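First to last, the protein sequences are chains G and C. Those letters in the first sequence? Residues 1 to 112, by the numbering used here. Those letters in the second sequence? Residues 1 to 114, by the numbering used here.
There may be inaccurate statements among the hints.
What the hints assert, rightly or not - Under the rule of at most 25 Å between Cα atoms (straight-line distance), these lysine-lysine pairs were calculated in the DSS-like manner:
| no. | chain 1 | residue 1 | chain 2 | residue 2 |
| --- | --- | --- | --- | --- |
| 1 | G | K67 | G | K26 |
| 2 | G | K37 | C | K44 |
| 3 | G | K26 | G | K111 |
| 4 | G | K26 | C | K9 |
| 5 | C | K57 | G | K26 |
Quick caveat, the hints were computed from the structure, so don't treat them as lab data. Just so we're clear, the structure is a prediction, and the values are computed from it rather than from any experiment.
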Amino acid sequence: QQPVQSPQAVILREGEDAVINCSSSKALYSVHWYRQKHGEAPIFLMILLKGGEQKGHDKISASFNEKKQQSSLYLTASQLSYSGTYFCGTGSDYNQGGKLIFGQGTELSVKP
Amino acid sequence: NAGVTQTPKFRILKIGQSMTLQCTQDMNHNYMYWYRQDPGMGLKLIYYSVGAGITDKGEVPNGYNVSRSTTEDFPLRLELAAPSQTSVYFCASSARAGEVGELFFGEGSRLTVL
């Protein structure tokens, strides 16, 4: 089943924070986060594995709660370059051939 | 660094025609994937492969076929094109199983079926 992302879209001013959520009806082994600019290919941001870890990457971080089958992506002090569509991808089992299923995306617009 | 290369970048097909989207990677990755992305939507997995000679269906395999005769190449065949196959197609590869490995995407192939 496809994971569900919320919100579908968000508009921010530069410097504001945002949270994007991803939830699944299936038990998860991993959650991926990718960003896609209009007309371009998705770019990898980070992977979170079963274990409830949190990861960070400059001002972008994420958490993974495997019991709730949820992940959240945190963008702090947003920059214009953060604009794009964010996708979570979920893996339900390790080494099952790599079936990574993506959510429908969250469109983020950062305004000056 | 070529990475994942897809051809063609754009193609217009008539209903009922067939074509092959080419994908090649130079990173010696075992895992390769085909996704389609409809306008304003997420990525849907069509087929994937864990190595040469091994392929499996994803979420939306109907109307498509794949083969994997070498590690580098993973072509996607569309038989009897239909308007519902109008989409952007992305090929991706990873060094580890997709659940735990970073996916490297090609630039995409934009297909229109009229």
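Cross-check of the supplied hints:
Annotation: proposed proximity of G:K67 to G:K26 holds, straight-line Cα distance about 10 Å (limit 25 Å). For the hint linking G:K37 to C:K44, the alpha-carbon distance of about 18 Å falls within 25 Å, and the restraint holds. Distance check on the hinted pair: G:K26 and G:K111 sit about 36 Å apart at the alpha-carbon level, beyond 25 Å; violated. Distance check on the hinted pair: G:K26 and C:K9 sit about 35 Å apart at the alpha-carbon level, beyond 25 Å; violated.
The straight-line distance between the Cα atoms of C:K57 and G:K26 is roughly 19 Å, inside the 25 Å bound, and the hint therefore holds.
Comparing the model with each numbered hint stated earlier shows that hints 3 and 4 do not hold.
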